[in-house]
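Enquirer: Given next are the chains, with one letter for each unit.
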Amino acid sequence: MIDINPKNTLIRYNILVESDMAPEEMAEKLYPTDPHIRQIAKAVFEGDEDEVVAALQNTIDSGVDPLSLINDALMAGMEVVSTLYDYGLLYLPDVIISAQAMIEGIEYCKEQSKQVHESKGKIISYVVEGDIHDIGKKIVTVLLRANGYEVIDLGKDVPVEEVVAAVKKEKPIMLSGTALMTTTMHAFKDVNSRLLASDINVPVVCGGGAVTQDFISDYDLGVYCEEAADVPKIADSILQGLDIRKLRDTFHKH
Amino acid sequence: MSELTQKTRLTNALKGESVDKAPVASVTQTATVELMEMTGASWPEAHSDASKMAKLALASHTEAGLEAVRYPFCLTVLAEAMGCEVNMGTQNRQPSITEHPYKKGIDDLKMPDNLAELGRIPAVVEATDIVRDSVGEDVPIIAGMEGPVTLASDLASVKKFMKWSIKKPDDFKAILDFATDACIEYANILLDSGVDMICVADPVASPDLMNPATFNDTLKPCLAKFAEAVDCIKILHICGNVTPVLDMMGDCKFEGLSIEEKVKDVKEAKKTVEGRATLVGNVSSPFTILSGTPDKVKEEVKKALDDGISVVAPGCGIAPNSPLENVKALVEGRDEYFS
Ligand code: B12
Ligand SMILES: [Zn+2]
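If you read the protein sequences in the order shown, they are chains A and Z. Quick note: the first sequence uses my numbering, first residue 1, plus one each step. Quick note: the second sequence uses my numbering, first residue 255, plus one each step.
Just chain A, with the same shape it has in the complex (with noise of 0.2 Å):
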């Protein structure tokens, strides 16, 4: 994590962090400006379901899309807690409740939508053979779900086994691991030459605290991503026909 020296900018966001400012005035200044979108990230931020819901009712019936206030209101506060995390600045049970928060603003958003929602495609998700770390693996199922997609979660510490027999079962258009140990991360290796042994090019998108990108590539099904958010947008790539050459184009760092 990076260390946070309260005199420091913020620099991704333009903010000066003044020295003695709480979370809450920080989170002020990085909430989207629309209103109405603003008291959904805010109730997000806070982790207050009753009223994720109630300021999404409120917007919904203003007339605006259900299924666009997952990624504009609810996966906006989110980002907001995210960012506010990554600088020391929030806790993990801020990001838990707020998580929480956002996965039932989701259901809701669904629920109220009058669109039919057929499944885009289907993907697997997993954490990987000895890790047990599936914070953020929920976080990423609840996403892809959020975004139209059928989502098989085989949940945590799954071996390399019951992926590939998973795989050969669901025939996912790509799977999402997650690994947060440098000890548990090279299963992703084993889930690789498995899966090419068997003739299978699924892409296999990886994430999670302790994966890097250079790791990654070196595996020629990995496709290496660190937000959560962009799981998605990977999916939908895949969609649109993106092989994995391609999408390590566009979503590899440098």
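One or more of the hints may lead you astray.
To be verified - Partner residues are not named here, just some residues of chain A that face chain Z (Cβ under 8 Å, in silico):
no.: 1; residue: Leu92
no.: 2; residue: Pro93
no.: 3; residue: Gln100
What the hints assert, rightly or not - Partial list, derived from the structure: chain Z residues whose beta carbon lies under 7 Å from chain A:
no.: 4; residue: Gln345
no.: 5; residue: Arg347
no.: 6; residue: Ser350
no.: 7; residue: Met416
no.: 8; residue: Lys417
no.: 9; residue: Ser419
no.: 10; residue: Ile420
no.: 11; residue: Leu463
no.: 12; residue: Lys507
In case anyone wonders, no lab produced these hints; they're calculated from the structure. All C-beta atoms in this analysis are idealised placements derived from N, C-alpha and C, irrespective of residue type, glycine included.
Given chain A, put chain Z with the ligands in place with the hints provided.
Expert: Relative to chain A, chain Z with the ligands alone:
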């Protein structure tokens, strides 16, 4: 000063009293794959089988030279006895908790009335007999266990535990009090079995997970209550950069505080807890003992001693794939420093 026994030396060092030289021990995980292969006592069996547990723990004293015998090798014994499900891991992977009995809430918290008989607790108790027979009275025996915060999070699941910390403060407090009572009872079972010291590892209390303000208001009182109810020398290990909570850890009434290399300014840390606790650590487990060289280990040992560390130890649990020569270098580094 005349040569002290290993037990007296470690006891004195942890109490901040004078010693002939700083002791070297691991208060956290001690087993490595090399030791498993040398002894034939391997994970996962050594987590459950008393004689294997004892044999493997002894090896880090006899083969690696550490001046204490420390076991078990995981933080799941009490959690399992309290109703968590455990995946026992593999030869080089520690057991982890897979199911949590109180995910739904705290309505039916139930303290077992036969804790000493449950799960692997009898094996740990039996291992103490075997170890004591083997090393005699002069070598300290350290029992490791999960702390109240980690146990509470195992019982409720980390996610629920964290959620309650903000949304349901009463439930949060209730599960912590329950876990604290269980820890006290278990620690006293361990003491009755004849161990000399207890190391409480409480990774979930780390500022990596919990807000330091929560530590101060709610977690610290649990740790202090534990310390008051368990009458022996105690060490508190919390993972990560604990600088923001170190002062509060100093109030927890443990003799020793075990810290990682992530605490950047050890001299300052020592000043912070001076008079209340001594420091144990802080040779990097992942970067030096696992992936460094014996020379790098010795260098960090000397730096630790210069900075005022009282007991030379790995910063966190020794990773199972660490080379034995790096563990041995902990003692060599200390010997060179004091020669
Ligand atoms: C919470 C936590 C725990 C909790 C886990 C609870 C749970 N159910 O997940 C508990 C307390 C149980 C735990 C246990 C352990 N932990 Co832990 N833990 C952490 C901690 C503090 C935070 C992790 C987290 O949840 N972050 C928040 C989530 C939201 O982030 P994330 O998962 O990275 O996900 C985000 C992105 O990465 C991305 N993402 C996630 N998945 C994917 C997938 C794709 C495809 C993409 C594109 C993106 C993406 O989206 C998410 C949102 O932004 C980290 C340290 C840290 N500060 O990171 C240590 C850490 C991961 N743990 C560590 C360790 C060592 C352990 C233990 C072994 C400790 C022990 N000795 O007992 C055990 C592991 C047991 C096991 N076998 O796995 C080490 C790992 C070190 C290493 N080897 O690399 C860390 C790094 C701490 C440290 N500095 O030492 N831990
Ligand atoms: Zn640790």
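Enquirer: Checking each numbered hint in turn, tell me which of them this model violates, lowest number first.
Expert: Checked against the structure, the hints that fail are numbers 4 and 12, while the rest are satisfied.
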